[in-house]
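Asker: Residues per chain are reported as follows:
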Amino acid sequence: MQITIYSTPTCPYCKMAKAFFDEQKIAYENIDVSVDHPKTEEMIQKSGQMGVPVIDMDGEIIIGFDRAKIEAILKK
Amino acid sequence: MSAAIYSTRKKIKTLIISKDMGGQAALSSDVENYLGFHMITGAELAQKFETHLRDFEDIELVRGEEVSAIKKKSKKFIVQTLGGKAYEGKTVLITSGKVPRKLGIPGEEKYRGRGVTYCATCDAPLFSGKDVAVIGGGNAALDAAWQLTKIAKSIQLVTNGEHFKKADQVLFGKIRESKKVTIYYHVTTSRIDGDAFVQSMEIKNAKTEKFHVQGVFIEIGSIPATQYLNNFIKLNQWQEIVINERNETSVKGVYAAGDVTSVPEKQVIVAAGEGAKAALMEFDYLAKRKA
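Chains as they are written, first to last, in the numbering used here: chain A, 720 to 795; chain B, 1265 to 1555.
Since the hints were derived computationally from the structure, they do not count as laboratory data. The hints are all genuine.
Here are the computed lysine-lysine pairs in the BS3-like style, where the Cα-Cα straight-line distance is at most 25 angstroms:
| hint | chain 1 | residue 1 | chain 2 | residue 2 |
| --- | --- | --- | --- | --- |
| 1 | B | Lys1374 | B | Lys1283 |
| 2 | B | Lys1374 | A | Lys788 |
| 3 | B | Lys1417 | A | Lys758 |
| 4 | A | Lys788 | B | Lys1349 |
| 5 | B | Lys1394 | A | Lys765 |
| 6 | B | Lys1283 | A | Lys788 |
| 7 | B | Lys1366 | B | Lys1474 |
| 8 | A | Lys794 | B | Lys1283 |
| 9 | B | Lys1312 | A | Lys744 |
| 10 | B | Lys1552 | B | Lys1337 |
| 11 | B | Lys1275 | B | Lys1552 |
| 12 | A | Lys758 | B | Lys1394 |
| 13 | A | Lys765 | B | Lys1283 |
| 14 | B | Lys1374 | B | Lys1394 |
| 15 | B | Lys1312 | A | Lys788 |
| 16 | B | Lys1366 | B | Lys1430 |
| 17 | A | Lys788 | B | Lys1362 |
Computed from a prediction, not measured in an experiment: that's the story for all the values here.
Bound conformation, chain A alone (with noise of 0.2 angstroms):
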């Protein structure tokens, strides 16, 4: 599975998730949208909205650190 986390680097919720695939040994790529500006483009046009994180799964799109709805699309 394809994990993309869009963060920052002070966001307390995205430490969590970033923690959270860390504990769970699962790989992903992390973007820290606080410097790449295309990026955060890329990421408001997949989430439309400017909160971070954002979560992509194989895109699917988590807004927020929403442990429940990871853990249900990594047991499909």
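Given the coordinates of chain A, assemble chain B onto it according to the supplied hints.
Answerer: Just chain B now, with coordinates in the frame of chain A:
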């Protein structure tokens, strides 16, 4: 989480219903006064709490669900969620904390996450090179404005009060010196407008003024998360759950702990201690009920 650990160690069948584990503690930037940690971020501390919690396999965790109502049904309580589910328990321990206070103006809800944000720590970096407004008259507003001076193009700092008298004067001094920041006193924010995202904000005092901004940071404090309780329980004038020293509420069998309650001082360590105490009181109640 502290309550759940104490509860399960007393062999009480324990279920946690939580929209976002960690609550307000997770959003604190640096925590320097939690015993055993010289300095830790709120997010890391919350993560450690949860890892500790997960050592106890008997604790059932319903995550991502928000409680919409609590009702009494004969000798039991029914906890309903926004997702339409219902859970039953002999006792309930409420630890729903606080949520950001809202302005309640047109456009605020519509543009939430589309330029309107309540978490500068999370979202400030997304407004690099943009014109933004910060609303509030306390330290949180100053913190947000300060973070944004390093990122945004311009910052309109708006307060309906006076010169940040109760806030950190060192920080206020630094913000006043920043050429990026314009401060407005004694004004109210009346509306937020835009298309798909925020484009402008309107303020009022003697006259109405409109700013072109792409971000609106609302930092006007927090309120207890008790709206869903709807006359079920006694609240004080600040909408906090009234508890006694045993964490008992006005409804027998319902306990409360932490920032959502009338307990003085809203601190992570106070909330953790109160949670532990409430669970022990709950155990005492259940033991006596059985006897």
